[in-house]
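Going line by line, the protein sequences match chains A and B.
According to our numbering, the residues represented by the first sequence are 1 to 212, in order.
According to our numbering, the residues represented by the second sequence are 1 to 212, in order.
Incorrect hints may appear among the rest.
Same chains, same label: a pair holds when it works inside one copy or across any pair of copies.
[What the hints assert, rightly or not] Simulated crosslink set (DSSO-like; lysine-lysine; CA at most 30 Å straight-line):
id : residue 1 : residue 2
1  : Lys-199   : Lys-189
2  : Lys-87    : Lys-123
3  : Lys-52    : Lys-69
4  : Lys-189   : Lys-166
5  : Lys-199   : Lys-209
6  : Lys-2     : Lys-197
7  : Lys-123   : Lys-166
8  : Lys-164   : Lys-87
9  : Lys-163   : Lys-87
10 : Lys-2     : Lys-196
11 : Lys-162   : Lys-87
12 : Lys-69    : Lys-164
13 : Lys-87    : Lys-199
14 : Lys-189   : Lys-56
15 : Lys-189   : Lys-209
16 : Lys-199   : Lys-2
It should be emphasised that the hints constitute simulated quantities derived from the structure, not laboratory data.
Every value quoted in this text rests on a predicted model; they were computed, and no experiment measured them.
2 protein chains.
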Amino acid sequence: MKINELLLNRESPRSFDSNYIISNEDILTITEAMRLSPSAYGLLSWRTLVIKRSSKFREELLPLFYNQKNVTEASAIVLIIVSEFDKLIEKDIPQYVSLMDDNTSDRVKNYEKRMLSDINYAKVDPYYVNWTSKEAFIAMGASLAVAEELGIDLCPIDGVNKKKIKEYLFENKLIEANEKFGSSVILGKRNIDVPKKKKIRLDKKEFTKIHD
Amino acid sequence: MKINELLLNRESPRSFDSNYIISNEDILTITEAMRLSPSAYGLLSWRTLVIKRSSKFREELLPLFYNQKNVTEASAIVLIIVSEFDKLIEKDIPQYVSLMDDNTSDRVKNYEKRMLSDINYAKVDPYYVNWTSKEAFIAMGASLAVAEELGIDLCPIDGVNKKKIKEYLFENKLIEANEKFGSSVILGKRNIDVPKKKKIRLDKKEFTKIHD
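Next up, chain A with everything else stripped away, as it sits in the complex:
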């Protein structure tokens, strides 16, 4: 299958070509996959900030990414910004409802009530802690093959100082108080002087068990 071949061939580079400059067109094609990803109730609870190598914010962000080699070399960092539960309730749900065709119908009003009730429940359920951050990972997953299709190398970067990144983004007016940093991917061209790693995955038989 074509897309699985892209997923098989891609890798998360440890090192990027520090001279390569990704085009905004390629960036927008990759974030488009994130935009089209599904979310619970279709709530549009994430968005992206792209920090290119030339951006004034980059140097100050790097230490919060622990100056990881590939982050410092990549052409762009895509920050996936997610809603806190308060923003889901105060902004995302009303916005979503306003975009629905029949938004004055009883059906939509009942749907809105159910969303609010479910989210208030999720707030206190330990299985749903970081729910909106989890959803950002759907977007990340959707973007993997799209980047490879463009010939762009993409590496998910999640092991960072999330609390400080959130604070930095808020202080610099890049996010609102009811948003937070979810996760990120970095983009560019891999450094061809660093050989690809062996791809290690669970054996297919171990990975999937079908109960007929």
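Start from chain A and add chain B according to the hints.
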């Protein structure tokens, strides 16, 4: 772009054709995208259990999915099973290291130490609660376009009784004690008698801000 067109065309069906039977080949193509997805350190911390409509487990699982209409109609439920932190430490890391080429080298030994240290830190960091569940969402995201490419409809299903599903799977010896239910997708053919929903997304300009 081809993959973005697939993402644009797909939808999460509210209703499935309750007679359609998905082939195991198609199921395995979709779970292959999940298997190939990247994870932190490449730790292979998730796997899949597929419950087809004919499986003896299906009827008992449906109430734990709140008998959602589309789940009851779908041809197969793909349960994404993720590791608890203890399994990462006790099984996933040693297994991963054993599969590496130079696994007796100092480099790998240091890498193993760093993984253990990072995971022990993540266990107590509120931003990393449900970390392994989050990673399952990368797999989910990667599978979206692959299903559409096959002409299979896929709907992520996350709003379920996760605690009870975990207990049920453990009682029925489908998972180990140090695993849990992460999330799920359902597969089949959409019910063509139910019209597609309008696709509601944030405006492109609002979704992506590039800082040059």
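Okay, the hints, checked on the actual structure:
| no. | hint | result |
| --- | --- | --- |
| 1 | Lys-199 / Lys-189 | within (18 Å within a copy, 33 Å between copies) |
| 2 | Lys-87 / Lys-123 | both (12 Å within a copy, 26 Å between copies) |
| 3 | Lys-52 / Lys-69 | within (16 Å within a copy, 45 Å between copies) |
| 4 | Lys-189 / Lys-166 | within (27 Å within a copy, 41 Å between copies) |
| 5 | Lys-199 / Lys-209 | within (22 Å within a copy, 33 Å between copies) |
| 6 | Lys-2 / Lys-197 | both (22 Å within a copy, 28 Å between copies) |
| 7 | Lys-123 / Lys-166 | both (20 Å within a copy, 20 Å between copies) |
| 8 | Lys-164 / Lys-87 | both (20 Å within a copy, 29 Å between copies) |
| 9 | Lys-163 / Lys-87 | both (18 Å within a copy, 26 Å between copies) |
| 10 | Lys-2 / Lys-196 | both (21 Å within a copy, 26 Å between copies) |
| 11 | Lys-162 / Lys-87 | both (18 Å within a copy, 24 Å between copies) |
| 12 | Lys-69 / Lys-164 | within (19 Å within a copy, 42 Å between copies) |
| 13 | Lys-87 / Lys-199 | between (39 Å within a copy, 21 Å between copies) |
| 14 | Lys-189 / Lys-56 | within (22 Å within a copy, 48 Å between copies) |
| 15 | Lys-189 / Lys-209 | between (36 Å within a copy, 21 Å between copies) |
| 16 | Lys-199 / Lys-2 | both (18 Å within a copy, 25 Å between copies) |
Going down the numbered hints, you'll see the structure goes against none, and every one checks out.
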